[in-house]
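Each chain, letter by letter, is given below.
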Amino acid sequence: MVPALKTPVAIFQGLRWDHPEIDEDDWFCYVAKPQFAYDYKRHQRRSAWADQVLTIFVTSEWVVYNWCWTKCAPEDSKLPINFQTRFANRKL
Amino acid sequence: MTASAGYPFLDEMVAAANQAPVFAPHAFFNADGDCVEFIASDESYYAERVDSRLTVYYGQESGQPVGSLIKGIKSILERLNEACPGFCIEVEDGKVHLSHLFTAAMWIENDGKVPTRAVVYRKLRKIAEADNVEVELPQLARC
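For the record, the sequence lines run as chains A and B. Those letters in the first sequence? Residues 1 to 92, per our numbering, in order. Those letters in the second sequence? Residues 1 to 143, per our numbering, in order.
Among these hints, one or two may not hold up.
[What the hints assert, rightly or not] Just a few of them, taken from the derived set where beta-carbon distance is under 10 Å, the chain A residues facing chain B:
#1 1
#2 45
#3 63
[What the hints assert, rightly or not] Just so you have them, the derived chain A footprint on chain B, three or more residues with Cβ under 8 Å:
#4 13-21
#5 27-38
#6 42-52
#7 57-71
[Said to hold, decoys possible] Calculated pairs, DSBU-like style, for lysine-lysine (alpha carbon to alpha carbon, straight line, at most 30 Å):
#8 78/A to 33/A
#9 95/B to 74/B
#10 91/A to 71/A
#11 95/B to 71/A
#12 123/B to 71/A
#13 123/B to 74/B
#14 41/A to 91/A
#15 91/A to 6/A
#16 33/A to 91/A
#17 71/A to 33/A
#18 41/A to 123/B
#19 78/A to 91/A
#20 126/B to 74/B
#21 91/A to 74/B
#22 71/A to 126/B
#23 95/B to 41/A
#24 126/B to 95/B
#25 71/A to 41/A
#26 126/B to 41/A
#27 6/A to 78/A
#28 33/A to 6/A
Keep in mind the hints are simulated off the structure, nothing from the lab. Source: prediction; values computed, not measured. From the three backbone atoms N, C-alpha and C, an ideal C-beta is built for every residue, glycine too.
Could you put together the complete structure from these sequences and hints?
Right under this line is the structure:
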């Protein structure tokens with residue numbers, strides 16, 4: 001996760017949940033396409049899933065509160081699916 | 001296994017995991033993210049957003065729901081306290097059964113337009129019930 005934060009392929013600002021009371025205008029999503037992933041069940045390193053990107057969510061106070069693998073957008077394999085509606089602005 | 005050049009964090013994580021306790025389903029309230037995360041299995045997963053509150057974690061191998069993230073917990077609780085003050089009865093020492101939270105989020109989000117949403121909520125609720133998963137919500141201690 002640390003290399004992913006250092007060298008993201010994209011950074012989005014403003015998390016959109018289609019819900020004004022839980023939208024987060026100043027939060028960020030870092031998107032990375034790492035070479036490796038972690039297999040929770042077998043406690044092993046493995047190749048990353050080719051059809052997915054790693055998304056890391058960061059609050060306005062720079063707290064990493066969640067990270068997960070997400071399916072790629074069909075039009076760009078380096079970006080998460082539905083990136084057009086999930087985020088307000090692309091910063092990188 | 002060989003060291004991952006440029007990925008020392010991953011190597012450290014793998015080494016630490018070998019000493020980790022046996023997995024058990026669990027849920028926790030993340031105050032920074034105002035969300036409750038539920039991990040029902042030790043299978044690696046990918047996330048898929050279902051609606052404005054619920055993200056489901058699907059197993060990378062099984063393709064089945066193996067967890068979830070419920071967002072906007074504070075507003076769910078505020079709405080619950082307004083609409084059904086009796087919900088506090090379900091809270092013991094700040095802990096609530098996760099299945100109740102799934103029910104609450106499902107009721108709040110249900111607009112009848114996407115029936116498959118309810119199916120997903122029910123599936124997750126069933127998993128949480130089967131494992132008797134509770135989550136600690138400090139805000140509810142005020143009830």
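- Query: Broken hints, numbered, in rising order?
  - Reply: 11 and 14
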